[in-house]
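K.L.:
Spelled out from the first residue to the last, the chains are:
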Amino acid sequence: EAGVVQSPRYKIIEKKQPVAFWCNPISGHNTLYWYRQNLGQGPELLIRYENEEAVDDSQLPKDRFSAERLKGVDSTLKIQPAELGDSAVYLCASRSGDGEKLFFGSGTQLSVL
Amino acid sequence: QKEVEQDPGPLSVPEGAIVSLNCTYSNSAFQYFMWYRQYSRKGPELLMYTYSSGNKEDGRFTAQVDKSSKYISLFIRDSQPSDSATYLCAMENQGGKLIFGQGTELSVKP
Chain A
-5 EAGVVQSPRY KIIEKKQPVA FWCNPISGHN TLYWYRQNLG QGPELLIRYE NEEAVDDSQL
55 PKDRFSAERL KGVDSTLKIQ PAELGDSAVY LCASRSGDGE KLFFGSGTQL SVL
Chain B
3 QKEVEQDPGP LSVPEGAIVS LNCTYSNSAF QYFMWYRQYS RKGPELLMYT YSSGNKEDGR
63 FTAQVDKSSK YISLFIRDSQ PSDSATYLCA MENQGGKLIF GQGTELSVKP
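Quick mapping for you: the protein sequence lines, in order, are chains A and B. Per the numbering used here, the first sequence runs over residues -5 to 107. Per the numbering used here, the second sequence runs over residues 3 to 112.
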């Protein structure tokens, strides 16, 4: 069974440009998370979905970040416009509704120049 | 004050040593406690999961939770070079809010 798939693996953009990250969770996993991980830090939650509903987006910088999870499966995280401080690894994770284990993708490493 | 505090290290030990990793937390609403391991350029993977005070053992790994002190630990016995990674504690409340610690970078030298 495939794990959580994220793309692209790496992305380099100039500041003020838009960027989008894509996540395909494990089949059947209702809960999907987007985390941001800065170098030397633990992952920080950006948004959590239960099916297609965003149930916790309190840490998402809504002035520039947006996310969607159409049909409760794949998800896209967008930044527009990107700032230098957005350079980080963006991790997607999923779990089944009553599961205890969170499965992570390998992340997208974003560099904003 | 952060909800979860973890000593960032780095920690360097010789092969075969016992490793102790620790986290403290401030929010008594946390009910579930986890340890994740993260290799370089990879996503975290779950090592241990527990929801009660006490010890849980899995092979060379032992997770310990003390809810009264708001303190959790991970012990690694007979550490191996392949254990070299960043170890993240994580805690979750019943509402599904999951918070990670800063991570401790561990290096086990042959």
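No lab work stands behind these hints, which were simulated from the structure alone. Every residue, glycine too, gets a C-beta built ideally from N, C-alpha and C. Where hints are given, some of them may not hold.
To be verified - The list that follows gives simulated cross-link-like pairs (lysine-lysine, DSS-like), each with its CA atoms no further than 30 Å apart:
1. B:K99 <-> A:K56
2. A:K9 <-> B:K44
3. B:K111 <-> A:K56
4. B:K69 <-> A:K65
5. A:K72 <-> B:K69
6. A:K95 <-> A:K65
7. B:K69 <-> A:K10
8. B:K69 <-> A:K5
9. B:K99 <-> B:K72
10. A:K56 <-> B:K44
11. B:K44 <-> A:K65
12. A:K72 <-> B:K44
13. B:K72 <-> A:K65
14. B:K58 <-> B:K44
15. B:K72 <-> A:K95
Unchecked claim - Chain A side only, calculated, beta carbon under 10 Å to chain B, not exhaustive:
16. V(-2)
17. K9
18. E38
19. N45
20. C86
K.L.:
Could you run down the list of hints and mark each one as holding or not?
P.N.:
Now for the hints, and whether the structure bears them out:
This hinted pair checks out: B:K99 and A:K56 have alpha carbons roughly 19 Å apart, not beyond 30 Å. The hinted pair formed by A:K9 and B:K44 meets the criterion: a straight-line CA distance of about 25 Å does not exceed 30 Å. Taking the CA atoms of B:K111 and A:K56, the gap is about 44 Å. The hint is violated against a cut of 30 Å. Annotation: proposed proximity of B:K69 to A:K65 is violated, straight-line Cα distance about 39 Å (limit 30 Å).
Between A:K72 and B:K69 the alpha-carbon distance is near 38 Å, which puts this suggested pair outside the 30 Å criterion. In summary, the hint linking A:K95 to A:K65 is supported, as the alpha carbons are separated by about 23 Å, within the 30 Å threshold. For the proposed pair B:K69 and A:K10, the alpha carbon gap of about 46 Å is over 30 Å, so the pair is violated. Note on B:K69 and A:K5: the hinted pairing is violated, with a Cα-Cα distance of about 42 Å set against a maximum of 30 Å.
Between B:K99 and B:K72 the alpha-carbon distance is near 17 Å, which keeps this suggested pair within the 30 Å criterion. Between the alpha carbons of A:K56 and B:K44 the distance comes to roughly 27 Å, so the proposed pair stays at or under 30 Å and holds. Note on B:K44 and A:K65: the hinted pairing holds, with a Cα-Cα distance of about 28 Å set against a maximum of 30 Å. Note on A:K72 and B:K44: the hinted pairing holds, with a Cα-Cα distance of about 21 Å set against a maximum of 30 Å.
For the suggested pair B:K72 and A:K65, the alpha carbons sit about 39 Å apart, so the restraint of at most 30 Å is broken. Among the hinted pairs, B:K58 with B:K44 is consistent with the structure: their alpha-carbon atoms are about 26 Å apart, no more than 30 Å. For a cut-off of 30 Å, the pair hint linking B:K72 to A:K95 stands: about 22 Å separates their Cα positions. The criterion of a C-beta within 10 Å of any C-beta in chain B is met by A:V(-2), whose closest approach is roughly 7 Å, and the hint holds.
Of the supplied interface hints, the one on A:K9 is violated, with its beta-carbon coming no nearer than about 24 Å to a beta-carbon of chain B, more than 10 Å. Hint status for A:E38: holds, given a least beta-carbon distance of 7 Å to chain B, under 10 Å. Given hint, A:N45 at the interface with chain B, is violated; its Cβ is 13 Å from that chain's nearest Cβ, farther than 10 Å. Given the 10 Å rule on beta carbons, the hint for A:C86 holds: about 8 Å separates it from the nearest Cβ of chain B.
In summary, the numbered hints that this structure violates are 3, 4, 5, 7, 8, 13, 17 and 19.
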